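Chemist: Sequence:
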Amino acid sequence: MKKWIKHEYHINDLIMDTLLRNLEYKKSNQIQVHRVYTELGLEARKKCDELVEV
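The UniProt record's numbering puts the first residue of the sequence shown at 1, with every later residue one more than the last.
Incorrect hints may have been included.
[To be verified] Cβ pair distances, simulated, as ranges:
hint	residue 1	residue 2	range
1	Glu24	Lys46	46 to 56 Å
2	Met16	Tyr37	40 to 50 Å
3	Asp49	Met16	47 to 57 Å
4	Ile11	Cys48	53 to 63 Å
5	Asn12	Val52	50 to 60 Å
6	Ile11	Leu42	40 to 50 Å
7	Asp13	Val36	32 to 42 Å
8	Arg21	Ala44	50 to 60 Å
9	Asn12	Asp49	46 to 56 Å
Treat the hints as calculated values from the structure; they're not laboratory data.
Here the structure is a predicted model, which means the values were calculated and not measured.
The beta-carbon is built from N, C-alpha and C at its ideal position, and this holds for glycine as well.
Please construct the entire structure, taking both the sequences and the accompanying hints into account.
Modeler: Listed below in structure tokens is the structure:
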């Protein structure tokens, strides 16, 4: 890496940094979406249980 031209290295470094940030952002969003679906799933199961009990 040190053999590369500094300018080129900096550009590649910035691109990698941006890609990693996007990945982290997508991952955190994915986790939030999973949480919401899990909560919705629990609510749906409760409603089904209530209907079955009636």
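Chemist: So the hint says 50 to 60 Å: do the beta-carbon atoms of Asn12 and Val52 match that?
Modeler: For Asn12 and Val52 the Cβ distance comes to about 59 Å; the hint holds.
Chemist: Please test the hint of 40 to 50 Å on the beta carbon pair from Met16 and Tyr37.
Modeler: Violated, at about 31 Å.
Chemist: Falls inside 50 to 60 Å, the C-beta gap from Arg21 to Ala44?
Modeler: Distance hint for Arg21, Ala44 is violated at roughly 35 Å.
Chemist: Mind checking the hinted window 46 to 56 Å against the Cβ distance between Asn12 and Asp49?
Modeler: holds (55 Å)
Chemist: Using the Cβ atoms, figure out if Glu24 sits within 46 to 56 Å of Lys46.
Modeler: Check failed, 34 Å falls outside 46 to 56 Å.
Chemist: Between Asp13 and Val36, does the C-beta distance stay in 32 to 42 Å?
Modeler: Taking Cβ atoms as reference, Asp13 and Val36 lie about 35 Å apart, which means the hint holds.
Chemist: A range of 40 to 50 Å was offered for this pair. Does it hold for the Cβ distance of Ile11 and Leu42?
Modeler: Between Ile11 and Leu42, where Cβ atoms are some 47 Å apart, the hint holds.
Chemist: Taking the CB of Asp49 and the CB of Met16, does the distance hold inside 47 to 57 Å?
Modeler: Given range 47 to 57 Å: holds, Cβ gap about 49 Å.
Chemist: Holds or violated: the 53 to 63 Å window for the beta-carbon distance between Ile11 and Cys48?
Modeler: For Ile11 and Cys48 the Cβ distance comes to about 55 Å; the hint holds.
Of the numbered hints stated above, those contradicted by the structure are hints 1, 2 and 8, listed in ascending order.
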